[in-house]
Structures are given as structure tokens and as C-alpha cells.
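Protein sequences appear in the order of chains X and Z. For the first sequence, the residue numbers in UniProt numbering are 1 to 216. For the second sequence, the residue numbers in UniProt numbering are 1 to 216.
It should be emphasised that the hints constitute simulated quantities derived from the structure, not laboratory data. Some hints here could point you the wrong way.
Pairs of lysine to aspartate or glutamate residues, derived as EDC-like cross-links and limited to a Cα-Cα distance of at most 20 angstroms, are as follows [as the list claims (entries may be wrong)]: (1) X:127 - Z:106; (2) Z:76 - Z:160; (3) X:158 - X:183; (4) Z:182 - Z:117; (5) X:205 - X:138; (6) X:205 - Z:176; (7) Z:127 - Z:117; (8) Z:18 - X:19; (9) Z:136 - X:138; (10) X:127 - Z:140; (11) Z:18 - X:11; (12) Z:77 - X:213; (13) X:136 - Z:140; (14) X:76 - Z:213; (15) X:81 - X:193; (16) Z:205 - X:11; (17) X:77 - Z:213; (18) Z:77 - Z:161; (19) Z:8 - X:11; (20) Z:173 - X:107; (21) X:77 - X:161; (22) Z:65 - X:73; (23) Z:127 - Z:98; (24) Z:127 - Z:176; (25) X:205 - Z:73; (26) X:18 - Z:11; (27) Z:127 - X:98; (28) Z:77 - Z:193; (29) Z:173 - X:106; (30) Z:205 - X:73; (31) Z:158 - Z:183; (32) Z:158 - Z:193.
Number of protein chains: 2
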Amino acid sequence: MRIIELNKRQETILQIVKDNGPITGEQIAERLSLTRATLRPDLAILTMAGYLDARPRVGYFFTGKTGSQLLTERIKKLTVKAYQSIPVVVNESASVYDAICTMFLEDVGTLFVVNSESYLVGVLSRKDLLRASMGKQDTESIPVSIIMTRMPNITTCKLDDYVVDIANQLINKQIDGLPIVKEVNVGGETKYEVVGRITKTNITKAFVQIALDEFY
Amino acid sequence: MRIIELNKRQETILQIVKDNGPITGEQIAERLSLTRATLRPDLAILTMAGYLDARPRVGYFFTGKTGSQLLTERIKKLTVKAYQSIPVVVNESASVYDAICTMFLEDVGTLFVVNSESYLVGVLSRKDLLRASMGKQDTESIPVSIIMTRMPNITTCKLDDYVVDIANQLINKQIDGLPIVKEVNVGGETKYEVVGRITKTNITKAFVQIALDEFY
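Using the sequences plus the hints, can you model the full thing?
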């Protein structure tokens, strides 16, 4: 959705509703000497954009929100779904060496570790892998399950979480990315399917889109 | 700077200028039966926020910008200066092992490499260090100068660059952070002093501030 720029008639309608609301579509049309049908698209835009609200049998009223408030509100309501990336996973039996190779091949900063049933059991950051490869041990013989952050210490999120909340968590917990999960109930136990990935790169992209007025 | 929410009088002034501009402060005051002195703070706010512009001997006129346009304009004009972090540097003679230790101690994702005169000569990412430590070589005996990205292949930025441009570069060049530099002319040669660091973490923080209406 692009930022809506109001045209002259929409500005006039907004002013009429500000001064006289609640007011019916009929009454607005009368004041402008136009038909209700002509006004319908304008009223729809003003309502969709959040400037006006309508109540049945009462009419339109001004929400009291300025353009910049509506914009920040829209930014606050951006969800993970629209900004996610594809998750990259490794099996818990993979070696640290394999994980590093996967990280380079897929060019990601965070890997998710799954068990044989494909449920999330751990997270690997570049930092984790760097720490492991720094030691004198052979990275080919260490399984990732030994060095990963494991459940329940993993921060996860869901597709309909707000981007701003996730951004806040990435900063406060000093992590680069989160797995997006779907909870599954398996015999009374909650398991997590990894369905996506959201990282500081995604947030940086969202920032650019907002600054360039090109966000959803 | 917080997002400005206009009060009733400011909204009225805005409407008067929209309908009658260019118009002098005197004339606006007259229409509102107020003194010019009373209006001064309101006019200052409306001008500062970008709604109005003033030309000497002509008066105030409406810039034609909506609140959301002004907000995105302000986002576009955020500079690196307000969002930077402190840079962490290592000397070019330091070993890869030392660099990894510094990265963990300082908890940063990007290190800048300087020569004995403290000028920028290279950049080290977590990825560079991970690649180096993956091999069978001894990281204590490899100097960082062998594995670093070196000038002139380093992307740098300046304190007064726009955050949105830097965010775009981080995405397009797939890097986590940039050194903020000051150019120095040394005997006809351009050298770079490292004065700061800007990363995807800083952009993520900027995103949160915008969404929460708390940005500069």
C-alpha cells in the first residue's frame, strides 16, 4: 500500500466531517451538491486510510488521526508474514563443519536445527559456529546439538506477529534472527514447525521501504 | 523530535494559509482576532514541521505536504550521525585469533583494520573470520591483513550520509556494517580515519523508534 495523498474533494469531505460529524453520506453529498454514488469512492478511501470511521445508522465521523499518526500506525501493524525469508535448517546430527558449509552456501547468518521429525530443537548463529571453530577440536566430529542454543531457550515468533515487536526483541536479546514457527500438538506435547526466518536484514529492508513510501 | 500533533489553533491557521496564502503573520492574526506575538509559537511549529513555508515580504504559504509525507521526508533525512555506534578496530598485524577474541569481547559483527598510523586499511566480518578459522591453518599465525577486505574494495560512509542510503547499501552489497570515516589529506593522498560504525542493528533500532514515534 502506498501512502495515500488526498485530493481536493477528499480534503473537503474530511473538513465537512470534522466540522459536522457524525454525518451521513447523504448529508455530505447534499452539501457538495453531488450524488451519493459520486462520493462513494472518496468515502471508501477516507475510511480505508483511517481518517474517517462509519457507524451504521449514525454516519461518518472523524477519527482524529493525522496523516503521520496513521502512517506510524500502519508501520506498527506490519507483520512478520510480509517481511520473512525462507528458513535454512540442518539436522541435529549434522557436524559443526557441515553447518558452517551450509551457512556459507545459503549465505545466511542464522541456521535452525531440527530433529528427525523436522521439529525445531535448536538455533545456530555465526557467533556459535565461530566460537566452536576457534577451539582446537575437529569441527567435523562435533555435532551441532552440542553447541546450539536449544529449546526452551530459543526465542521464536509467529507469522502474524508485528515486525516492530520482533525488531525490539532482536535488539534487546542481541540476536540476528528468529525462527518463525507454527505450533503443533503431538500427543499433548507442543512441537514447533519452522516455517520462516526473520532477521535484521528483513527489518533493514522494511526501513528502506518505509522511507521510500513503498511498503505494504 | 516527536511527531507533531497539531492543536486546534494550528489546524485553523493551516486552513487559513491553505485558503488564502501567501498571507502575512499580521493578516492571520487579524483573522483570528489575536496578536501576532500570540501566534508566533504556532507559526514557528507549523514552519518547523514543514507544513508552512515563509518568504520575507511575501508571507506564509502552504507547502502542500500532508502529515504522512512530512513523516517519510523526515525518515529520509535521518543521518548516520544520530544512529551510529562506536567503531572497534584491530591493527593489521593482529592475528586472526586475536581478531576473533576482540569480536567476542566487544560483541560486534564487524571489525575495522587500521595500519600503524591508525588509518583504515581493511574490514573483517564474522563471515571472514569464520572462513579463516574453518581451514586447517593455525589462526594465531595468520595476520588479519591476509583475510580482510581491503581498500579500495571497502564501502565507507560519512557522518552526514542518510541512513536510508546506507540501509540500501547494506542490503544490496550484503554486508552487516560499514565504517564511518573522515577523509584526511596526507601529502596529496586521501586517507581514512575511522570515526564510527553503522550496522543493521542500528537500522533495526531506527525502525523501532519510527514505529514508536520516538525518533530524532
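Against the structure, the hints:
For a cut-off of 20 angstroms, the pair hint linking residue 127 of chain X to residue 106 of chain Z stands: about 12 angstroms separates their Cα positions. Taken as a hint, the residue 76 of chain Z and residue 160 of chain Z pair is honoured in the structure, with Cα atoms around 12 angstroms apart against an allowance of 20 angstroms. Distance hint between residue 158 of chain X and residue 183 of chain X is fulfilled; the C-alpha atoms sit about 9 angstroms from each other, no more than 20 angstroms. With a C-alpha separation of about 14 angstroms, the suggested pairing of residue 182 of chain Z with residue 117 of chain Z holds against the 20 angstroms cut-off.
As the CA atoms of residue 205 of chain X and residue 138 of chain X are separated by approximately 38 angstroms, the hinted pair breaks the 20 angstroms bound. Note on residue 205 of chain X and residue 176 of chain Z: the hinted pairing holds, with a Cα-Cα distance of about 13 angstroms set against a maximum of 20 angstroms. With a C-alpha separation of about 26 angstroms, the suggested pairing of residue 127 of chain Z with residue 117 of chain Z is violated against the 20 angstroms cut-off. Annotation: proposed proximity of residue 18 of chain Z to residue 19 of chain X holds, straight-line Cα distance about 17 angstroms (limit 20 angstroms).
At roughly 9 angstroms between alpha-carbon atoms, residue 136 of chain Z and residue 138 of chain X fall within 20 angstroms of each other, so this suggested pair holds. With a C-alpha separation of about 19 angstroms, the suggested pair residue 127 of chain X and residue 140 of chain Z falls inside the 20 angstroms cut-off, and the hint holds. A hinted pair counts as satisfied when its Cα atoms are at most 20 angstroms apart, and residue 18 of chain Z with residue 11 of chain X qualifies at roughly 11 angstroms. Taking the CA atoms of residue 77 of chain Z and residue 213 of chain X, the gap is about 14 angstroms. The hint holds against a cut of 20 angstroms.
Only pairs whose Cα atoms come within 20 angstroms are accepted, and residue 136 of chain X paired with residue 140 of chain Z is accepted, the gap being roughly 12 angstroms. Distance check on the hinted pair: residue 76 of chain X and residue 213 of chain Z sit about 10 angstroms apart at the alpha-carbon level, within 20 angstroms; holds. Of the pairs offered as hints, the one joining residue 81 of chain X and residue 193 of chain X holds, with about 15 angstroms between alpha carbons and a cut-off of 20 angstroms not exceeded. As the CA atoms of residue 205 of chain Z and residue 11 of chain X are separated by approximately 35 angstroms, the hinted pair breaks the 20 angstroms bound.
In summary, the hint linking residue 77 of chain X to residue 213 of chain Z is supported, as the alpha carbons are separated by about 14 angstroms, within the 20 angstroms threshold. Pair hint residue 77 of chain Z plus residue 161 of chain Z holds up; C-alpha atoms about 9 angstroms apart against a cutoff of 20 angstroms. For the given pair, residue 8 of chain Z sits about 17 angstroms from residue 11 of chain X by alpha-carbon distance, which is consistent with the 20 angstroms threshold. Using a Cα cut-off of 20 angstroms, the hinted pair residue 173 of chain Z and residue 107 of chain X holds, with the two alpha carbons roughly 13 angstroms apart.
Taking the CA atoms of residue 77 of chain X and residue 161 of chain X, the gap is about 9 angstroms. The hint holds against a cut of 20 angstroms. Taking the CA atoms of residue 65 of chain Z and residue 73 of chain X, the gap is near 19 angstroms; set against the 20 angstroms cutoff, the hint holds. Using a Cα cut-off of 20 angstroms, the hinted pair residue 127 of chain Z and residue 98 of chain Z holds, with the two alpha carbons roughly 15 angstroms apart. Taking the CA atoms of residue 127 of chain Z and residue 176 of chain Z, the gap is near 10 angstroms; set against the 20 angstroms cutoff, the hint holds.
Under the criterion of a C-alpha separation no larger than 20 angstroms, the hint pairing residue 205 of chain X with residue 73 of chain Z is consistent with the structure, at around 17 angstroms. The suggested pairing of residue 18 of chain X with residue 11 of chain Z holds, with an alpha-carbon distance near 11 angstroms, which does not exceed 20 angstroms. About 15 angstroms separates the Cα atoms of residue 127 of chain Z and residue 98 of chain X, which keeps this hinted pair within 20 angstroms; it holds. Distance restraint check for residue 77 of chain Z and residue 193 of chain Z: the Cα-Cα separation of roughly 24 angstroms exceeds the 20 angstroms cut-off, and the hinted pair is therefore not satisfied.
Our distance criterion of 20 angstroms between C-alpha atoms is met by residue 173 of chain Z and residue 106 of chain X, whose separation comes to about 16 angstroms. For a cut-off of 20 angstroms, the pair hint linking residue 205 of chain Z to residue 73 of chain X stands: about 17 angstroms separates their Cα positions. For the hint pairing residue 158 of chain Z with residue 183 of chain Z, the CA-to-CA distance comes to about 9 angstroms; that is within 20 angstroms, so the pair holds. Proposed proximity of residue 158 of chain Z and residue 193 of chain Z is supported: the alpha carbons are some 11 angstroms apart, at most 20 angstroms.
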